[in-house]
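Student: Residue numbers (this note's numbering), protein chains in the order written: chain A, 1 to 212; chain B, 1001 to 1212.
Quick caveat, the hints were computed from the structure, so don't treat them as lab data. Predicted model, so just to flag it, every value in this text is computed and none were measured. Hints may contain errors.
To list a few chain A residues with every Cβ distance to chain B over 12 angstroms, as calculated [stated by the list, open to error]: (1) Asp27; (2) Arg30; (3) Ala33; (4) Thr52; (5) Gly72; (6) Arg74; (7) Gly96; (8) Ser134; (9) Ala160; (10) Ala161; (11) Asp163; (12) Thr174; (13) Glu176; (14) Gly178.
Below, a sample of chain B positions facing chain A; criterion: calculated Cβ distance under 7 angstroms [what the hints assert, rightly or not]: (15) Leu1123; (16) Ala1161; (17) Gly1162; (18) Ala1173; (19) Leu1179; (20) Tyr1182; (21) Ile1184; (22) Glu1199; (23) Thr1200; (24) Leu1201; (25) Leu1204.
Every residue, glycine too, gets a C-beta built ideally from N, C-alpha and C.
Number of protein chains: 2
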Amino acid sequence: MFPGGYDRGVQNTPIPMADGPDAERCDAVRNRALLLEAATALVSERGADAVTMDAVAERAGVGKGTVFRRFGSRSGLMQSLLDHSEHELQGAFLTGPPPLGPGADAVARLIAFGRARLAIVELQGDTLRAVEVSPELRFGGPARQVSLTHVVALLRQTGAAGDLELLAQALLATLEAGLVLYQIRELHMPVDRIADGWETLVRLVTGTPSAG
Amino acid sequence: MFPGGYDRGVQNTPIPMADGPDAERCDAVRNRALLLEAATALVSERGADAVTMDAVAERAGVGKGTVFRRFGSRSGLMQSLLDHSEHELQGAFLTGPPPLGPGADAVARLIAFGRARLAIVELQGDTLRAVEVSPELRFGGPARQVSLTHVVALLRQTGAAGDLELLAQALLATLEAGLVLYQIRELHMPVDRIADGWETLVRLVTGTPSAG
């Protein structure tokens, strides 16, 4: 269902085994998860700027060398952090519980998708925006492709007609980190307002008035 | 109606007078218009890359020194070219003939606005995209402010309710040079398709089905 893009987006997490080299590999995976967890906690508590190699090492209770061995550099760490968030979001909308995952109706899933993405932008917007500076990654990156395919599929389920690819791109454009950070920081819009705006847009585009 | 932003967006073109320093000033204005016309012709015939100081001078039949005196550098020239296009677009939607200008209904004006902007992106997208790399100019620049105010006003006229500022920003996000150039160049979408997508989006958002 999500060829290419999705496989690249999802990290190759090997199934952990009990012995020998697999046990080592298992340690590496656990280690990596531990470090990303530490970095995520730092971002949400103190913002992206607080994520230094030192701070992550301290938080995770490992040596700084371990962090460097695992991610190479701070920008490698930030990129892995984003991949991790994307991976989690993808898992949530593909196989997670409703309303983000299957089981809810398509409009509710679209609304939940935007709200979930806005939450990522709020926490990791600076890293996302740095990635978005490259037009190829901004619009053509694997994570974007998966999101686009997902939004197109949901739009189709709502019965929307016409050029769904363009419509999906229009919707995704409103969730871009550059725009959302500008709305939050320069226009001082609360994220809740931006999320409500997303819901309004989805309802207008799909012809689904609010239940309330 | 367009405080601040609009005044900054519109160039300070002095009213030409017949004598003395005013005549000189009048020459300068005419000169500038001549050079921008030459540059515009070059862009539309051979693309933005063809616009060099030499080529503009040759095309306008003046010395290269004149072009440098007027614009300082190639990037100064490209910026002036953009200002010029923005100025023309603003003139067209504020006081020009319908459907872009007053006289048409608000939905038709919104549709015409997007089509006109897409035409600018098609011709001058590279320059626009270079400007968009700065988030402040991308979302906060004077030209953007004028467009935003215009779109909000038209949305209000259509009877659209809710958070019109966010809705206007969502609409404008789909016309950004970075996205549009990606659609044209990487996805090989014809500009007509993108323009039709804009019309669809406007009709959905304003609840105005196509007449056809």
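Student: Take the hints in turn and mark each one as holding or not.
Tutor: Consistency of the hints with the structure:
The claim that Asp27/A lies off the interface holds: its Cβ sits roughly 41 angstroms from the closest Cβ of chain B, which is beyond the 12 angstroms cut-off. No Cβ of chain B comes within 12 angstroms of the Cβ of Arg30/A; the nearest lies about 38 angstroms off, and the non-interface call holds. Non-interface status of Ala33/A relative to chain B is upheld: no Cβ of that chain comes within 12 angstroms, the nearest being about 33 angstroms off. No Cβ of chain B comes within 12 angstroms of the Cβ of Thr52/A; the nearest lies about 24 angstroms off, and the non-interface call holds.
At roughly 26 angstroms from the closest C-beta of chain B, the C-beta of Gly72/A stays outside 12 angstroms, upholding its exclusion from the interface. Residue-level check passed: Arg74/A sits 21 angstroms from the nearest beta carbon of chain B, beyond 12 angstroms. Listed as outside the interface, Gly96/A is consistent with that label: its C-beta sits roughly 26 angstroms from the nearest C-beta of chain B, beyond the 12 angstroms cut-off. With a cut of 12 angstroms on Cβ distances, Ser134/A falls inside the contact zone with chain B, its closest approach being about 10 angstroms.
Some Cβ of chain B comes within 12 angstroms of the Cβ of Ala160/A; the nearest lies about 8 angstroms off, and the non-interface call is violated. With a cut of 12 angstroms on Cβ distances, Ala161/A falls inside the contact zone with chain B, its closest approach being about 9 angstroms. Distance check for Asp163/A against chain B: the nearest CB is about 5 angstroms away, which does not clear 12 angstroms, and the non-interface claim fails. In this structure Thr174/A is not separated from chain B by more than 12 angstroms, as the shortest Cβ-Cβ distance comes to only about 4 angstroms.
The non-interface label for Glu176/A is inconsistent with chain B: the shortest C-beta to C-beta separation is roughly 7 angstroms, within 12 angstroms. At roughly 5 angstroms, the least C-beta separation between Gly178/A and chain B is not larger than 12 angstroms, which violates its mark as non-interface. At its closest, the beta carbon of Leu1123/B sits 18 angstroms from a beta carbon of chain A; the interface hint therefore is violated under the 7 angstroms criterion. Nearest Cβ of chain A to the Cβ of Ala1161/B: about 9 angstroms, over the 7 angstroms cut. The hint is violated.
Taking 7 angstroms as the C-beta contact cut-off toward chain A, the hint placing Gly1162/B at the interface holds, the least distance being around 5 angstroms. A hinted interface residue such as Ala1173/B counts as satisfied when its beta carbon comes closer than 7 angstroms to some beta carbon of chain A; here the least separation is about 4 angstroms, so the hint holds. At its closest, the beta carbon of Leu1179/B sits 6 angstroms from a beta carbon of chain A; the interface hint therefore holds under the 7 angstroms criterion. For Tyr1182/B, the suggested interface contact is upheld, since its CB lies about 4 angstroms from the closest CB of chain A, less than 7 angstroms.
The closest approach between the C-beta of Ile1184/B and any C-beta of chain A is roughly 12 angstroms, which is over the 7 angstroms cut-off, so the hint fails. Among the interface hints, the one on Glu1199/B is violated; its C-beta lies about 10 angstroms from the nearest C-beta in chain A, farther than the 7 angstroms criterion. Taking 7 angstroms as the C-beta cut-off, the interface hint given for Thr1200/B holds, the closest approach to chain A being about 5 angstroms. At a threshold of 7 angstroms, the smallest CB-CB gap from Leu1201/B to chain A is about 5 angstroms, leaving the interface hint in force.
A least Cβ separation of about 5 angstroms between Leu1204/B and chain A falls short of the 7 angstroms threshold, and the interface hint therefore holds.
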